[in-house]
Each structure stands twice: as structure tokens, then as C-alpha cells.
Amino acid sequence: MNRINQKLQEDKKLLSIYFSAGYPNLNDTVQIIQDLEKSGVDMIEIGLPFSDPLADGPTIQASSTQALQNGMTTKLLFEQLENIRETVKIPLIIMGYFNPMLQYGIEEFCKKCSEIGVDGLIIPDLPVAIYAENYKTTFEKYGLINVFLITPQTSNDRIQFIDSVSNGFIYMVSSASVTGSQSGFGSSQEAYFKRIADMNLNNPQIIGFGISDKTTFNQATQFAKGAIIGSAFIKNLTENGVGNISKFVSAII
Amino acid sequence: MSYHVDEKGFYGNFGGAYIPEMLYPNVEELRQNYLKITAEPSFKKEFMSLLVDYVGRPTPLYFAERLSKEYNTKIYLKREDLCHTGAHKVNNTIGQILVAKKLGKTRIIAETGAGQHGVATATVCALMGLECIVYMGEVDIKRQAPNVARMKMLGAEVRPASSGSKTLKDATNEAIRDWINNPENTYYIIGSVVGPHPYPDMVARFQAIISEEIKQQLQEKEGRENPDYVVACVGGGSNAAGAFYHFLDEKDVTIIAVEAAGLGVDSGESAATSALGKIGIIHGSKTLLMQSPDGQITEPYSISAGLDYPGVGPMHAHLFESKRAEFISITDAEAMDWGIKLSKTEGIIPAIESAHAFAILDKKQFKPTDVVVINLSGRGDKDLNTYIDYFKL
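So the protein sequences, as listed, match chains A and B. Per full-length UniProt numbering, the first sequence starts with residue 1, numbered consecutively. Per full-length UniProt numbering, the second sequence starts with residue 1, numbered consecutively.
One or more hints might be untrue.
Claimed, not checked - Here chain A is said to cover these stretches of chain B; the calculated rule only asks that three of the stretch's residues, wherever they fall, bring their Cβ under 8 Å from a Cβ of chain A:
| id | segment |
| --- | --- |
| 1 | 15-28 |
| 2 | 163-174 |
| 3 | 181-193 |
| 4 | 281-291 |
As the list claims (entries may be wrong) - Here are the in silico distance ranges between beta carbons for each label pair:
| id | chain 1 | residue 1 | chain 2 | residue 2 | range |
| --- | --- | --- | --- | --- | --- |
| 5 | B | Asp6 | A | Ala132 | 50 to 60 Å |
| 6 | A | Asn2 | B | Asp249 | 19 to 29 Å |
| 7 | B | Ala39 | A | Gln222 | 42 to 52 Å |
| 8 | B | Lys278 | A | Thr138 | 14 to 24 Å |
| 9 | A | Lys75 | B | Glu7 | 32 to 42 Å |
| 10 | A | Ile106 | B | Asp266 | 26 to 36 Å |
| 11 | B | Asp266 | A | Glu239 | 40 to 50 Å |
Since the hints were derived computationally from the structure, they do not count as laboratory data. Quick reminder that beta carbons are idealized off the backbone N, C-alpha and C, glycines included.
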């Protein structure tokens with residue numbers, strides 16, 4: 001069974017952390033992953049940097065730009081992750097934009113992920129319909145879970161369709177926004193979280209965008225299986241470096 | 001073979017809507033409605049009357065007698081430079097703002113590189129009394145001060161894009177992010193035949209008025225609707241899409257797309273996407289784009305800010321791949337020389353973008369009976385500082 005599905009069966013609320021590979025320093029990737037696991041994080045999203053990250057706010061954009069300047073490439077990320085499964089057991093997901101994957105070759109990319117032990121992918125600009133028609137077979141051949149996003153504006157019909165194509169979890173974007181652009185949740189967001197929870201979808205939901213601390217993590221996970229922290233973690237890396245990871249995580253869970 | 005968009009939003013292998021889910025409701029709303037809205041008689045009537053009374057259409061198809069004599073062929077110029085605001089861009093912004101109104105949107109956003117599309121958007125927002133926010137790269141804001149001032153005079157807010165390379169592609173990213181953050185009341189007026197479906201098709205349809213008029217005007221002047229050649233410059237490709245549109249299925253018309261070679265196609269400072277690009281995804285569209293082997297989008301270069309885009313509209317990528325259009329790239333130096341040459345020969349100072357198209361006259365052989373239509377997409381007022389610096393005028 002895929003590590004993501006296994007993890008989703010655990011009787012607890014899951015904390016997933018996103019970081020941009022190659023940031024703050026080119027070779028921090030493995031250390032960050034190991035420290036996150038040791039600190040008790042349940043799942044990690046490894047950001048594959050892109051020059052034009054449309055769905056990201058300034059914090060993740062800046063870390064992505066810096067990672068590219070540091071020399072991060074798809075090939076190098078795979079090299080860094082080559083032996084990651086000797087030390088790390090939790091699910092690993094690569095999150096990135098579609099173009100770098102397309103240039104690597106989708107089949108090759110999936111094969112490499114599978115060899116390394118990457119469990120899933122999140123590709124914000126690969127729409128579900130194009131995935132279902134052109135790429136689903138390849139992803140499944142290599143045992144990869146592809147995770148789709150939904151937002152407060154996503155219609156119920158479309159959510160049902162996304163649920164039917166998904167085989168892991170659904171990434172629930174907390175509000176209409178790019179990453180890292182808000183703090184705290186209001187009543188309209190709670191209503192949205194509740195509406196989705198009440199749909200009893202096949203795939204559990206994990207909430208992302210706007211989760212930055214213990215309060216927002218707890219708020220989100222009242223309604224969902226877990227929550228994802230990205231920008232707030234990257235800010236912490238920027239301000240406190242890689243040595244501060246366990247402190248950051250223990251303040252949340 | 002079809003050169004028009006298919007029902008899934010593709011031109012052959014190119015196009016589609018590779019967008020984050022956050023944009024899906026807005027893009028889908030537009031996709032479902034754009035053909036319906038633009039087919040309504042009331043829409044057509046308002047669009048046409050604004051094109052006539054406000055933009056100044058039809059623009060002349062001018063027989064360039066001295067140039068024709070020099071090149072021993074029949075050269076006609078489609079005078080988009082005479083449109084209100086100085087270029088073809090306004091054909092599209094008029095169309096899109098009417099669509100935005102029909103969709104009940106109250107806030108307009110746009111991206112701009114050199115500022116021409118920004119000015120054309122600010123203009124129609126003033127005309128309709130709608131809030132207007134234009135994203136422009138920090139670098140471009142410094143380079144294009146007069147257009148920034150024009151947008152401000154027209155009541156638009158110009159927001160600097162300070163991410164990435166701080167130019168057009170980053171301004172486009174920022175406009176898309178704004179749309180993600182404002183999904184309910186906002187409409188995004190894209191300035192070229194780029195972006196996710198249905199934008200490339202919708203913008204091409206609004207610009208198609210150019211070739212529609214060429215057909216009528218050639219009928220009057222030459223007794224035939226089709227020229228032997230139609231020539232236009234291509235950055236994103238909106239003026240070219242408009243000039244080619246009604247000739248795409250006319251096999252006797254040779255289509256020539258002119259790209260900016262910058263300092264030379266192999267110089268590393270170029271914007272010749274067909275020569276240097278590979279298939280990939282940019283701004284929600286699968287098309288040819290300039291990128292690193294690793295799939296990072298690279299920064300193009302051209303002396304003309306309007307051709308300085310790392311991709312090309314998916315329709316043009318398809319015209320290139322299917323060989324329906326011939327793609328020729330022209331250097332900065334060749335284009336700049338034509339800026340002077342057209343001024344001195346015909347008394348018309350062209351935009352540097354449009355000057356690129358004229359340079360093919362030195363690259364191709366034409367017969368005396370050939371009818372060659374060159375789309376003169378914009379006037380050179382905005383480029384005066386560049387001309388002054390380049391030629392020490």
C-alpha cells in the first residue's frame with residue numbers, strides 16, 4: 001500500500017509541511033526532510049522550484065527563485081533524494097509546476113519518483129481533466145498518487161469528479177488566494193470546511209493555504225484529516241535557519 | 001487541417017487551459033459564455049459602433065507607392081497605427097470589456113509590457129467607468145515612463161511586478177495571482193493571443209476585424225479579396241492573429257510571421273521563439289516557449305518591448321509546426337533601420353515591433369504582380385526615446 005494511504009488510515013490529525021528544495025541552501029534538502037520526520041511531521045511536500053509559480057505568494061516565490069539561483073534542478077533534486085528511503089519512512093510528495101516535469105519527460109519523471117520512493121505528486125497547473133485523459137495511467141503504473149486542489153469556488157459536481165479521479169487525499173485550499181496571503185479563518189471559511197466535510201467524499205481532505213500556527217492548524221483539522229503548512233515554515237527557515245525545525249514543529253503539534 | 005481552435009481549446013498540439021484550480025471557475029465561466037455573448041446582436045452592434053466611432057475603424061489599407069516601386073511589387077500597409085491609442089491593441093480591449101460587463105464584473109485587471117495594452121485597457125475602463133489595475137514589471141515601469149503616465153491620466157492604478165525578472169512575464173504572473181485572490185468581481189483582460197483557452201481564440205476573434213477589412217479593401221483596390229502575402233510581427237501574436245485570421249484557410253495566401261531576433265538568433269539575446277523555443281507550458285497554455293533544459297522559463301530580449309515575450313500564442317505555434325506560416329526572424333538593427341526607412345519613404349514612423357515586419361522586404365523575392373499586405377500594427381510615438389538613443393537623433 002502507498003505510504004500516503006497508510007498514513008491517512010492512522011487515527012490522528014496529520015501535519016504536512018511544504019518546503020522549496022534547494023532553499024535556503026542548495027544541499028539542505030535531505031537534512032530538512034530528516035529533521036521534519038524526527039520532529040513528528042506526518043508528511044512532507046518537497047517543492048520543485050519553478051521560475052513562474054503562478055499559484056504562490058511572495059514567500060514561496062522568493063524561496064523558489066533563491067533555490068534556482070542556488071542551482072537546483074530536477075535532476076539534482078532526484079540525486080539528493082537517491083538514498084532518502086534509507087533514513088526516512090513518512091510519505092514524501094513532490095509539489096511542482098507542470099513544465100519542469102514535462103521537460104524531464106512524464107514517464108521518466110514518474111519512474112524516477114517511484115525508484116526513489118516518492119509517494120505522490122501535487123501539480124497545481126495540471127488540470128484534472130487533462131490528467132485523467134493523458135497521464136493517469138502512467139502515474140498509476142508507477143504507484144504514484146496525484147493530489148488535486150479544490151477551492152471555495154469549486155462546484156459540488158466538480159468536487160465529486162475530482163473525488164472520483166483521486167486515490168489519496170484532496171488538497172483543500174482554504175480560501176480564494178495564493179499561498180501565504182492570510183492569517184486566521186473566518187466564519188465563511190469554517191462554513192466551507194463544514195460543507196466539504198458533510199459531502200462525505202471517498203478521499204479524506206487536507207487543508208492548505210493560510211495554516212501558519214497551532215491555532216489555525218487546530219481550526220482546520222476540526223473539519224479535515226490534516227493540514228499543510230508552507231509559507232510559515234519557509235519564513236521560519238529564512239529567519240532561523242535549518243537548526244530551528246523541531247522547535248517550529250513542536251509549537252504546532 | 002484546421003488552423004482554428006478545437007472544442008477542447010487546442011490548436012493541433014498547442015493550447016488548452018493548464019491552470020490552477022483556483023482559476024478554474026473564472027476561466028470556465030468565460031469559456032462557457034464567450035461565444036454566446038459575442039454572437040448576441042446587441043453585443044455585435046455595440047462592439048462595431050465603438051470600433052467605428054471610438055477607435056476610428058475601418059483603418060485604411062494604404063498602397064505604399066514609393067516602397068512598391070523600390071521593391072518592384074505591390075505593397076499595401078494595413079494602418080492599425082491609426083487606431084485610437086496608437087495600435088491594434090484597442091480592438092481587443094473594447095471587445096473584452098464588453099464581455100466583462102456582460103458577465104457582471106466590476107473590476108478590471110491587465111498585464112502590460114511596453115504599456116500599449118495597459119493604455120488600451122485603461123482607456124476602455126475610463127470609457128466604461130470601471131476600476132482598472134494594470135500590472136507592469138518594475139523594469140518596464142522605468143523604461144516606459146510616458147505610458148505609465150498615460151495610464152495614470154486615464155485613471156488606472158499601475159502596480160509594479162517585482163518578482164522574477166520584473167518584466168512582462170512577471171507582470172502576467174502577478175495579474176493571474178490577483179485574479180486568484182479576487183475570484184468574484186474581477187475580469188482579467190489579457191493583451192495577446194496567449195493564456196489559457198478561451199483567451200487565445202477570443203482575442204484572435206476580436207482582432208480578426210483586421211483581416212476582415214483587408215479582404216473588403218483589397219476587393220475594392222485590386223478586384224480580389226486575397227493578397228499573395230500577408231505579413232505581421234509576432235510577440236505573443238495578437239496583431240498577427242488578426243491579420244492572418246481570415247486567410248488561414250485560403251491556401252493561395254502565403255502567411256509570414258516575423259519574430260524578433262534581438263541581437264541575433266544565436267546570440268543569447270533574442271526573442272525568436274519559433275527558432276529557440278520548445279513545447280512547454282506558459283501562462284496556462286501549452287505552446288512553444290523559450291526555456292532552460294530544466295524547464296525554467298528564460299528571459300527573452302528584443303529592442304522592442306512588445307516582442308519581448310518568451311512564448312508565442314498557441315495558434316502561432318501550430319501555424320509554425322504545421323508549416324502553414326513561414327517564420328522569419330529580424331534583428332534589432334534591421335528593424336531599427338526600417339524605422340527610419342519607412343519614415344523617410346512613406347512619411348510614417350512605425351512602432352519598432354511593426355518595423356520588424358517590413359524588414360522581410362529585404363529577405364524575400366516578390367513578383368511585380370504580387371500583392372503584399374504588411375500589418376502596420378502600431379505607431380512609433382511610444383518608441384521615440386528608443387529611436388533617439390539608438391540613432392543619436
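Going down the list of hints, with the structure as the test:
Remark: the segment 15-28 of chain B is confirmed as covered by chain A, as 9 of its residues place a Cβ nearer than 8 Å to a Cβ of that chain, reaching the required three. With 5 residues bearing a CB less than 8 Å from a CB of chain A, the segment 163-174 of chain B meets the requirement of three and the coverage assertion stands. Beta-carbon proximity to chain A at under 8 Å applies to 4 residues in the segment 181-193 of chain B; the threshold of 3 is reached and the given coverage holds. Counting residues of the segment 281-291 of chain B whose beta-carbon sits less than 8 Å from any beta-carbon of chain A gives 5, enough to reach three: the coverage restraint holds.
Between Asp6 (chain B) and Ala132 (chain A) the C-beta distance comes to about 18 Å, which lies outside the given range of 50 to 60 Å. Look at Asn2 (chain A) against Asp249 (chain B): about 50 Å separates their beta carbons, and that is not inside 19 to 29 Å. For Ala39 (chain B) and Gln222 (chain A), the Cβ-Cβ distance of about 48 Å falls inside the hinted range of 42 to 52 Å, so the restraint holds. Taking the beta carbon of each, Lys278 (chain B) and Thr138 (chain A) are about 20 Å apart, inside 14 to 24 Å as hinted.
In this structure the hint that Lys75 (chain A) and Glu7 (chain B) lie 32 to 42 Å apart at CB holds, the actual value being about 38 Å. The beta-carbon spacing between Ile106 (chain A) and Asp266 (chain B), approximately 30 Å, falls within the hinted interval of 26 to 36 Å. Between Asp266 (chain B) and Glu239 (chain A), the C-beta spacing of about 44 Å keeps the proposed range 40 to 50 Å intact.
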